[in-house]
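Residues per chain, in single letters:
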Amino acid sequence: MKERGVLPGFGLTLGFTLFYLTLIVLIPLAATFYKTSALTWSEFWSATTAPRVMASYRLSFGASLVAALTNVVFGLLVAWVLIRYDFPGRRFVDMLVDLPFALPTAVAGITLTSLYSGNGWIGRFLEPLGIKAAFSPLGVVIALTFIGLPFVVRTVQPVLLEMDPEVEQAAASLGAGRWSIVTRIILPGIVPALLTGFTLAFARGLGEYGSIVFISGNMPMRTEITPLLIVTKLEQYDYAGATAIAVVMLVISFALLLAINLLQHWSRRRIGGAGIDGAGA
Amino acid sequence: MISGRRSAAGRALTEPPLVRRALIGASLVFLGAFLFLPLLAVFVFALQNGVGAYLAALVEPDALAAIRLTLITAVIVVPVNVLFGLAAAWAIARFNFFGKNLLITIIDLPFSVSPVVSGLVYVLLFGLQGALGPWLQAHDIKIIFALPGIVLATIFVTSPFVARELLPLMQAQGTAEEEAALTLGANGRQTFLRVSLPKIKWGLFYGIVLCNARAMGEFGAVSVVSGHVRGLTTTIPLHVEILYNEYQFAAAFAVASLLTFLAVATIIVKTMVEARSRTGS
Chain A
1 MKERGVLPGF GLTLGFTLFY LTLIVLIPLA ATFYKTSALT WSEFWSATTA PRVMASYRLS
61 FGASLVAALT NVVFGLLVAW VLIRYDFPGR RFVDMLVDLP FALPTAVAGI TLTSLYSGNG
121 WIGRFLEPLG IKAAFSPLGV VIALTFIGLP FVVRTVQPVL LEMDPEVEQA AASLGAGRWS
181 IVTRIILPGI VPALLTGFTL AFARGLGEYG SIVFISGNMP MRTEITPLLI VTKLEQYDYA
241 GATAIAVVML VISFALLLAI NLLQHWSRRR IGGAGIDGAG A
Chain B
282 MISGRRSAAG RALTEPPLVR RALIGASLVF LGAFLFLPLL AVFVFALQNG VGAYLAALVE
342 PDALAAIRLT LITAVIVVPV NVLFGLAAAW AIARFNFFGK NLLITIIDLP FSVSPVVSGL
402 VYVLLFGLQG ALGPWLQAHD IKIIFALPGI VLATIFVTSP FVARELLPLM QAQGTAEEEA
462 ALTLGANGRQ TFLRVSLPKI KWGLFYGIVL CNARAMGEFG AVSVVSGHVR GLTTTIPLHV
522 EILYNEYQFA AAFAVASLLT FLAVATIIVK TMVEARSRTG S
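Residue numbers (the numbering used here), protein chains in the order written: chain A, 1 to 281; chain B, 282 to 562.
I should point out that these hints are in silico values taken from the structure, not numbers from a laboratory. Some hints could be false.
[What the hints assert, rightly or not] Pairwise CB distance ranges (calculated):
#1 B:R349 x A:F33: 35 to 45 Å
#2 A:G62 x B:L309: 46 to 56 Å
#3 A:S173 x B:F542: 43 to 53 Å
[As the list claims (entries may be wrong)] Listed next, the stretches of chain A that the computed footprint assigns to chain B, with coverage defined by at least 3 CB atoms under 8 Å from CB atoms of chain B:
#4 13-22
#5 29-42
#6 97-107
#7 235-243
#8 250-259
Ideal Cβ positions, reconstructed from N, Cα and C, are used throughout, including at glycine.
Turn these sequences into a full structure, and let the hints guide you.
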């Protein structure tokens with residue numbers, strides 16, 4: 001309260017922030033929910049549970065889950081190697097981790113498609129093994145793994161960095177071996193960050209569009225993700241159908257955002273005040 | 282005895298060299314295949330028909346129109362979001378008020394909304410079928426399938442970036458220096474320009490660069506509101522999509538390489554800003 005007396009600009013900046021968010025974010029989102037109220041409950045239900053839509057939920061959820069789990073394993077590995085070991089090119093590798101954040105999704109999409117299609121640099125080695133990467137659900141997983149990797153690495157890194165080395169030294173001097181230090185001290189300490197990174201990558205995967213539409217092949221019932229169905233319905237002027245699916249996605253996004261906030265709250269308490277800026281980008 | 286125990290304890294503090302090398306190797310292989318190869322591939326594919334074809338794809342009229350539209354969009358979107366980011370970060374980091382955490386969550390909201398849904402909400406508001414559609418048409422104002430729609434969708438998607446970059450920075454810095462300046466007789470504007478701004482300039486710079494990269498590279502949201510009128514409402518990512526779907530792969534990757542340069546510049550700036558803030562503190 002004292003602060004408010006000394007520093008200027010409270011009314012102006014908060015007023016502008018609220019005005020801006022209301023205009024840009026809240027009114028458009030509210031309009032979407034309002035638009036669905038034109039549908040009856042059974043119309044809404046059939047629009048959001050039609051077989052083709054259900055197939056897209058299965059793919060979107062399944063691929064996001066597999067990709068986020070892959071990223072938990074490799075994200076932890078990369079974060080560990082970057083924080084704990086020194087090797088030539090470490091700074092370059094650290095920088096490279098941010099590439100999926102910065103690279104436009106359409107560019108990622110066409111590049112991964114060209115790499116993993118049958119005659120691509122990677123695809124040509126997979127095809128003789130009977131693995132069809134592009135234009136299959138696996139392609140969706142590959143694109144989502146690319147997109148989600150930085151979320152896990154960047155949430156785990158600061159926690160690994162801030163771990164007190166004295167705890168490990170104490171355990172070692174008490175006779176603990178490396179394996180039990182890693183599994184009993186280090187891993188429990190990064191579980192909240194890993195869960196946060198997993199949820200961030202998963203949430204991002206559900207909504208992802210640009211990197212997937214090229215590599216998935218967009219075959220109805222097989223490789224259509226939910227955001228693509230919204231676009232397809234819009235192109236057919238089925239605004240009500242598109243809106244109904246969008247509302248389902250929005251509700252899921254809000255639930256995941258809530259989960260992420262709770263997880264971050266938990267991890268902040270666990271590591272004693274050190275914040276994790278996991279939502280950044 | 283003592284030295285023996287010490288070396289056993291020392292062994293428990295890190296992994297054996299063989300394990301260390303295996304972990305570094307595994308993460309380098311993973312990152313090489315998932316991040317470095319795509320980055321390299323963009324440029325190789327872009328130059329597959331030679332430098333002449335590469336340059337021709339960039340100066341072709343539709344490509345130039347796309348570049349122009351993308352630049353116009355960024356020139357409008359970035360300053361607006363910088364203003365918003367500064368206002369939001371100032372209000373949240375410098376004052377205490379009821380509902381602060383809710384406000385931060387609402388600022389983060391666009392991160393968790395699918396890009397496709399971000400575009401759709403504006404179609405539902407301003408499109409012909411939308412709430413304001415008939416009124417806009419009666420007054421001959423075009424928002425959807427025109428520049429204003431592209432700008433609005435891009436603003437929505439990129440609105441959190443500057444605020445998210447500045448907020449933790451300003452929260453960590455506290456208000457003591459600003460209070461001192463004000464006590465010594467500086468007015469609000471002087472305090473902001475001479476005390477607050479220099480302290481956040483690098484964070485602000487990175488926020489601007491990131492916001493700009495996302496504004497120029499946004500695909501899903503812009504794709505929904507643009508209408509894909511070639512040479513008129515196609516931004517660079519949409520132009521890439523059109524070329525790729527027409528099997529003009531070299532041209533698609535040539536145009537995509539522009540966005541890739543931007544992405545690489547963005548992560549270099551991030552690394553520089555982080556190094557600066559580490560040495561500065």
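Given that the stretch 235-243 of chain A was listed as covered by chain B, double-check it with a C-beta distance under 8 Å for 3 or more residues. n = 4 at 8 Å, threshold three: holds.
For the range 43 to 53 Å, tell me whether the beta carbons of S173 of chain A and F542 of chain B fit it or not. Taking Cβ atoms as reference, S173 of chain A and F542 of chain B lie about 52 Å apart, which means the hint holds.
Closer than 8 Å Cβ to Cβ for three or more residues is the test here. Does the stretch 29-42 of chain A pass it with chain B? Held - the stretch 29-42 of chain A has 5 residues with a Cβ nearer than 8 Å to chain B, which meets the minimum of three.
Please verify the coverage claim for the stretch 97-107 of chain A: does it have three or more residues whose C-beta sits within 8 Å of some C-beta in chain B? Answer holds; 11 residues pass the 8 Å Cβ test.
Take the stretch 13-22 of chain A, compare each residue's beta carbon with every beta carbon of chain B, and decide whether three or more fall closer than 8 Å. Coverage by chain B holds for the stretch 13-22 of chain A (7 residues, Cβ < 8 Å).
Indicate whether the distance between the beta carbons of R349 of chain B and F33 of chain A respects the range 35 to 45 Å. holds, 36 Å
Take the stretch 250-259 of chain A, compare each residue's beta carbon with every beta carbon of chain B, and decide whether three or more fall closer than 8 Å. holds (count 5)
Taking 46 to 56 Å as the hint, is the beta-carbon distance of G62 of chain A and L309 of chain B inside that range? Violated, at about 29 Å.
The structure does not agree with numbered hint 2 stated previously, though it agrees with all others.
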